[in-house]
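Colleague: Please model the entire structure based on the sequences and the hints provided.
So the chains spell out like this:
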Amino acid sequence: MGLLSKKDTALLTDPLADNNPITIQVLGICSALAITAELKASIVMAVSVLFVLGLGNVVISLMRNIIPSKIRIIVQLIVVATLVIIVDLVLKAFAYELSKTLSVFVGLIITNCIIMGRFEAFALGNGPWRAFLDGIGNAVGYGVILIVVGFFRELLGSGTLLGFKVLGDPIEKSGLYSIGYENNGFMLLSPMALIVVGILIWIQRSRNTSLIEEN
Amino acid sequence: MEHLELFFKSIFIDNMVFATFLGMCSYLAVSKKVATAVGLGAAVIFVLAVTVPLNWLLDQYILKDGALVWLGPEYAAYDLSFLSFIMFIATIATMVQLVEIIVEKFSPSLYNSLGIFLPLIAVNCAILGGSLFMQSREIPSLGLALTYGVGSGIGWFLAILAIAAIREKIRYSSVPPALRGLGITFIITGLMAIGFMSFGGMLTGGDEEVKPVKETEAIVEKVQEKVEKEEIAKNTKTIK
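Note that the protein sequences, when read in sequence, are chains A and B. Its first residue numbered 61, the first sequence is counted upward by one per residue in our numbering. Its first residue numbered 192, the second sequence is counted upward by one per residue in our numbering.
It is worth saying that the hints were derived from the structure and are not from the lab. There may be inaccurate statements among the hints.
Covered stretches of chain B, going by a simulated chain A footprint (3 or more residues, C-beta under 8 angstroms) [said to hold, decoys possible]:
1. 201-215
2. 268-277
3. 331-340
Quick list of in silico lysine-lysine cross-link-like pairs, BS3-like style, CA-CA up to 25 angstroms [to be verified]:
4. K255(B) with K360(B)
5. K160(A) with K255(B)
6. K160(A) with K225(A)
7. K130(A) with K296(B)
8. K152(A) with K255(B)
9. K100(A) with K225(A)
10. K100(A) with K152(A)
11. K224(B) with K160(A)
12. K160(A) with K233(A)
13. K224(B) with K360(B)
From the structure, some residues in chain B lie toward chain A, with a derived Cβ separation under 10 angstroms [what the hints assert, rightly or not]:
14. Y218
15. G263
16. P264
17. I280
18. A284
19. A317
20. S327
21. R371
22. T380
23. A384
24. F387
We treat Cβ as the ideally placed atom computed from N, Cα and C, and that holds for glycine.
Modeller: Below is the structure:
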């Protein structure tokens, strides 16, 4: 880690656990929950946000001295919207099926609060390299939660991971299904995403009691 | 009848918070007190009612494939729909600013109650989501777009009102320490969403199963898309 000082490393690793954007800062939940019924969609979403947040933070940080503070929200929105259009077009060109599954949620990266939150809180006051690290750290923290939720929902809901039937075939009754295991279709419905995130928050806060909030 | 159906559908069945998780950030952050929740909810209804019809017009006359034909037949081949994200968000940001100025000028008392929430709303996913769903569901007329905007706004309003009321009461109960605050709010929202799913039977008469229909529709759509894609691939080959 010769390239990264101690402070820089903290920028990268803090958002992974104790300052996680979803479970602690409560940002970016909107798009996080709706698309986690499949692991593949979660991964694509995580990568898209990584791209938008990493690059967007650098762009905003480079422009931080020339943006008038009164119109900064609009400038930020335009920067994000441009990056999101790139993501959307790339997805449509190379992963058409997937872009149909994600539907409007690619567009909703624009209003993903993590992005605006990091622009406001970090990129406007720091240099491009640090802003880049901060963006990557937060996007990975967001992606980790997405992937964990997607993993459990796909595994328990349809018995597959990335489309592979890891628990056996429910129709031929092979693997786990031969002893009477059934998929929990409920996991695929939207309310379960909320409950899975709730349980993640529960686990995290029981391990680290300093995070517990007032009631 | 069409209007009534869309109105109830957007409030209960496709509820912004419980079915599509839009506007969750402000939903979780501003739901500690009923009074503030009502303020934000009202502002969301208002802004959705303005921006959805406006973006419908934009989509219909500028962005859609072939929408520029009113300028003259030579513009029929233009498809600007890739610009829709940036156009929608610009409209929303401008409208929010405009609404803020107008409300401040003509109704200072309303401004005092809504004022602080208006800037927050420009980046509320529910607002952009409303416009994007309006586009992807291909709502056919301006009137229906207005109905859809108002309906989704009211749905969001109901959701934040309900959670704020529950959170005010929950202060008096003994929640497991690690679940306090955010965790229990997530789980309550999940349970409320399960409750709202029962509205799914409302428009179909209740006895029919709603989900399989959706699934077959999705499959039909997928097949159609495949056929289309193959056709396009063939055409490009023949051109080559």
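Colleague: Compare the structure with the hints numbered earlier in the document and write down the numbers of the violated ones, lowest to highest.
Modeller: 3, 4, 11, 12, 15, 16
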